[in-house]
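Could you put the whole structure together from the sequences, leaning on the hints where they help?
The chain contents come next:
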Amino acid sequence: MEGHSPLVSYSTLEVRREGHVGWLVFDRPDRRNAMDATMLAELESAWRELDDDPVVRVIVNTGNGDAFQTGLDVAQLARDPEALREQSRRTKRAELKFTAWHNEVWKPVIAAVNGICAGGGLHFVADADIVIASSNATFLDPHVSIGQVTAYEAIALVRKSPMEPICRMAFTGRHERVDAARARQLGILSEVVESPDELRARAQELAETIARNSPAAMAATKRALWGALELGLTDACRAGAHELMSMWGHPDQTEGPAAWAEKREPQWVTTSI
Amino acid sequence: MGRETRAAVGDYEHLIVERHGPVGWLVNNRPDQLNAMNARMRDEFADAWRELDDDDAVRVIVHTGNGRAFQTGVDVAEIASDGVGMQRYRQSVENFDLHFTSWQQRVWKPVITAVNGICAGGGFHWVADADIVICASDAQFFDPHVSIGQVVSIEAIGLMRKMPVEAVMRMAFVGRYERLSAERAYELGMVSEVVDPPDELRARAQELAETIARNSPAAMAATKRALWGALELGLTDACRAGAAELVSMWGHPDQDEGPAAFADKREPRWQT
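Going down the list, the sequences are from chains A and B.
Be aware that the first sequence starts at 2, since it is given in the working numbering, and climbs by one per residue.
Be aware that the second sequence starts at 61, since it is given in the working numbering, and climbs by one per residue.
Simulated from the structure, these hints should not be mistaken for lab results.
The structure presented is a predicted model; accordingly, all values stated were derived computationally and were not measured.
Idealized CB from N, CA, C, for every residue including glycine.
Mixed in with the good hints, there may be bad ones.
To be verified - Which residues of chain A face chain B? A partial, calculated answer using Cβ under 8 Å:
| no. | residue |
| --- | --- |
| 1 | VAL145 |
| 2 | THR151 |
| 3 | ILE156 |
| 4 | ALA157 |
| 5 | SER162 |
| 6 | GLU165 |
| 7 | GLU177 |
| 8 | LEU187 |
| 9 | LEU230 |
Laid out in structure tokens, this is it:
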């Protein structure tokens with residue numbers, strides 16, 4: 002896929018653009034894309050870079066190789082705990098910075114799960130707006146099988162999908178997997194791409210569809226919807242009302258209906274948001 | 061199940077409490093009343109959950125029922141016939157001081173509810189408050205409260221936080237005139253497994269519980285606190301509280317034993 006050369010150079014990620022779509026690709030295929038200290042730091046830069054780029058309207062997150070993401074690199078943790086000290090501190094203080102939600106990315110984010118998604122890999126499913134997967138994708142949470150606790154990723158997932166299957170995944174640990182078809186049935190993801198080779202093309206297509214909508218309206222919508230997970234219903238509606246009104250008078254609100262009437266694509270305001 | 065059964069510590073009239081290996085069993089045992097909960101059974105639940113949670117040999121708890129029903133809620137016959145009625149429960153409900161489910165009793169071991177037949181009305185308390193729910197293929201779910209002039213509240217509030225809301229509302233308002241099938245409960249993520257034929261439910265529950273019992277008890281307890289805590293708070297605050305649970309395991313012997321056992325290809329020996 003052609004694209005602009007990245008602004009920053011990454012060693013554990015691939016970051017590129019295709020039209021209005023920014024791609025953030027985990028790139029440690031021989032480590033099943035496990036996150037070492039370098040990747041954890043690079044993720045923060047990559048989300049920021051793509052969110053700050055006004056050309057990028059939608060971000061797709063996927064992985065190179067057989068795995069989507071398998072969480073913290075336990076090999077590095079065992080070999081060189083010092084390297085992950087900063088992350089330990091951030092975990093303790095609930096100041097993680099490796100997902101789009103952690104980094105307050107207000108552009109739509111699509112996770113395209115290309116294979117195994119295990120443990121901490123679930124962070125990127127939980128914190129995406131839209132999730133699609135190839136038919137060979139599998140989901141499991143082995144934390145408790147190695148004496149670790151499951152928290153953040155499952156906390157968000159129980160707010161976004163039926164809770165029972167998330168609890169089952171948390172407690173069966175490495176001894177059971179959820180397949181892509183069941184994950185779709187449960188609403189954890191919305192689309193299964195039958196042929197794994199076609200996952201990226203479908204993700205690009207879906208992202209381009211979404212990129213046809215008003216960036217400003219989508220950012221306010223995203224803030225309103227994620228805000229709903231922070232508050233009781235009435236308070237969330239109140240906060241959402243503010244997001245709604247924030248767009249009143251915005252040029253996109255005249256451009257949208259005008260373009261529709263004239264049967265043409267709208268020219269949205271694209272200043273960085 | 062072909063395993064040794066130790067005599068129960070407590071003396072129960074309406075429940076059966078057993079151990080099978082690392083699995084504690086709590087069985088509703090008023091089959092002739094469709095396991096409806098009378099005042100005595102309500103008290104026995106409080107003791108039984110505590111007994112199983114306090115027993116170090118028990119790592120996972122399975123809850124099911126004898127007969128053709130799992131649970132059908134408060135014993136309406138007792139309420140209607142003894143002249144005391146629902147008033148006997150007024151104070152505990154007003155104070156939300158209930159003790160008949162594992163959540164109410166703060167059981168931090170994984171709990172599997174195995175729904176063996178009819179689950180009606182108050183029976184949903186044990187579906188809402190379990191971590192994992194499986195059911196027999198002939199299980200049926202319905203909530204007749206409003207059909208007899210009662211309010212649906214606590215159990216449905218729990219369910220609404222755990223599954224699609226529309227399905228819960230529909231059961232609440234259709235009352236006794238419609239039933240939800242095992243298949244639909246599976247589709248909705250209310251249960252994660254339907255066992256067919258139905259008479260294999262207990263064997264499957266035991267097997268699932270034994271699988272779960274292979275994981276670190278301490279890590280599972282902290283995980284359970286983190287996940288149920290997620291229903292109490294906004295997302296960010298819940299993650300913050302969850303971080304404290306996560307960090308609570310750092311330095312625990314299970315965190316060395318887990319990876320070591322995995323590397324040696326043997327079962328971990330967890331601290332109990």
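Hint check results:
Below 8 Å, beta-carbon pairs count as interface contacts, and A:VAL145 has one with chain B at about 4 Å; its hint therefore holds. Here the hint on A:THR151 is kept, as its CB sits about 5 Å from the closest CB of chain B, short of 8 Å. Taking 8 Å as the C-beta contact cut-off toward chain B, the hint placing A:ILE156 at the interface holds, the least distance being around 4 Å. For the restraint placing A:ALA157 at the interface with chain B, the shortest Cβ-Cβ distance is roughly 6 Å, inside the 8 Å limit, so the hint holds.
Hint status for A:SER162 relative to chain B: holds, with the closest Cβ pair at about 7 Å, below 8 Å. For A:GLU165, the interface hint holds, the least distance from its beta-carbon to any beta-carbon of chain B being 6 Å, beneath 8 Å. Among the interface hints, the one on A:GLU177 holds; its C-beta lies about 7 Å from the nearest C-beta in chain B, closer than the 8 Å criterion. Taking 8 Å as the C-beta contact cut-off toward chain B, the hint placing A:LEU187 at the interface holds, the least distance being around 5 Å.
Contact between A:LEU230 and chain B, as hinted, is supported at the beta carbon level, the nearest pair being about 4 Å apart and thus within 8 Å.
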